[in-house]
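Asker: The chain contents come next:
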Amino acid sequence: AQKVTQAQTEISVVEKEDVTLDCVYETRDTTYYLFWYKQPPSGELVFLIRRNSFDEQNEISGRYSWNFQKSTSSFNFTITASQVVDSAVYFCALLIPGNQFYFGTGTSLTVIP
Amino acid sequence: DAGVTQSPTHLIKTRGQQVTLRCSPKSGHDTVSWYQQALGQGPQFIFQYYEEEERQRGNFPDRFSGHQFPNYSSELNVNALLLGDSALYLCASSWGLEQFFGPGTRLTVL
Numbered sequence: 124a125q126k127v128t129q130a131q132t133e134i135s136v137v138e139k140e141d142v143t144l145d146c147v148y149e150t151r152d153t154t155y156y157l158f159w160y161k162q163p164p165s166g167e168l169v170f171l172i173r174r175n176s177f178d179e180q181n182e183i184s185g186r187y188s189w190n191f192q193k194s195t196s197s198f199n200f201t202i203t204a205s206q207v208v209d210s211a212v213y214f215c216a217l218l219i220p221g222n223q224f225y226f227g228t229g230t231s232l233t234v235i236p
Numbered sequence: 091d092a093g094v095t096q097s098p099t100h101l102i103k104t105r106g107q108q109v110t111l112r113c114s115p116k117s118g119h120d121t122v123s124w125y126q127q128a129l130g131q132g133p134q135f136i137f138q139y140y141e142e143e144e145r146q147r148g149n150f151p152d153r154f155s156g157h158q159f160p161n162y163s164s165e166l167n168v169n170a171l172l173l174g175d176s177a178l179y180l181c182a183s184s185w186g187l188e189q190f191f192g193p194g195t196r197l198t199v200l
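Keeping their order, the protein sequence lines are chains X and L. Just so we're aligned: 191 in my numbering is position 68 of the first sequence, and the numbers increase by one with no gaps anywhere. Just so we're aligned: 199 in my numbering is position 109 of the second sequence, and the numbers increase by one with no gaps anywhere.
Bound conformation, chain L alone (with noise of 0.2 Å):
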């Protein structure tokens, strides 16, 4: 049985542009959410998404925005990188209180 996955493993994009990451949760598990980790700091929640809605939100600017398919799975999409939103992204999978996390995608942004 697979984990969590994600795609890509690293990424490089230059300010302005826009990026989708992209999550497989766990087989089983049906709430997706995904967290950015800056260097040296812990995972900050983005958003959480379940029966293909947005169920929660962190404190994120609006040029975070996702979606979840019928199959789990999710994206994660940033408009307009800043220098800042270079990250570790990483997708959760939950199903109840048992939460996987991914390998995770690499955003550097330059």
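Chain X with its partners taken away, still in its complex shape (with noise of 0.2 Å):
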């Protein structure tokens, strides 16, 4: 069975903190696709980054960056120097080819100013 856990329920960081979102995948396929959205108050689920189960490298765009450990079954995503606008509720999602998206139950992120 597939499964993604996000602990953390709600978060809350000064501006200009740094803030890790965890998640953890369960899946027995070898070949799976790791996602994050965010997901501001108007609802739309933005896409962030797709990695997939045969590529660990750590990815680094702007202020966010994404840890992928097989060993542990972990996607982190860390938001570095946070802001306002980084406001949100951030959601891990597992794809398994030629099935559907599990998502977590999301992260709300609270930036105060």
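Honestly, the hints are just simulated from the structure, not real lab data. Worth double-checking, as some hints may not be accurate.
Here are the computed distance ranges between Cβ atoms for each label pair [to be verified]:
1) L:Ala92 - X:Arg186: 24 to 32 Å
2) X:Ser184 - L:Thr104: 39 to 47 Å
3) X:Arg186 - L:Arg153: 41 to 49 Å
We treat Cβ as the ideally placed atom computed from N, Cα and C, and that holds for glycine.
Build the complex: two chains, separate frames, hints provided.
Answerer: Now the structure itself:
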């Protein structure tokens, strides 16, 4: 069975602090894809990143970085020098090719000015 | 290029009624998926349409049905509405692994 766990329900940080959002996944498939989406109050899910199961190289995009570790089945997301505009709900998701998306329950991030 | 569009934005229905939600995919996308997102939860997969046929289905009752048209747009129909059907319904269009979500339709069942 597939499952995505985001243990952090809510996080509050002060602007300019770094914050890491945790994501742990479960699957027996060897080929899969992991995603992070941002959901602002407007409701639309905004794509942030996709990684495949064969590429554990960490990725950095501006203030965002992602750490993928198959050994611990984790795909964590770090925001450096957080800003108020980063306030949103963030979802981690798992996709098995030919199957459906499995989303975590989300982490609500509040950045306090 | 317009992204994924959904209509209506908000909808209020009463128990037992039927509702139809609509989705227009991003240009070039041939696959449409529907998700239900209850308050405080992650999106739950309802079903996916490709070439006008339901290709995959999540754990939702038959009250939830859909359709895809030749232009790839899609409808989600829910019959005999229950209070528990109140949620944000998200449509996602995809081509390969590229998937984009629409802004959603907020359905409230009274």
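Asker: Compare the structure with each hint and give your call.
Answerer: Okay, the hints, checked on the actual structure:
1. L:Ala92 - X:Arg186: 24 to 32 Å: 29 Å, holds
2. X:Ser184 - L:Thr104: 39 to 47 Å: 46 Å, holds
3. X:Arg186 - L:Arg153: 41 to 49 Å: Since Arg186 (chain X) and Arg153 (chain L) have Cβ atoms about 44 Å apart, the given range 41 to 49 Å holds.
Hint compliance for this structure: no hint is broken.
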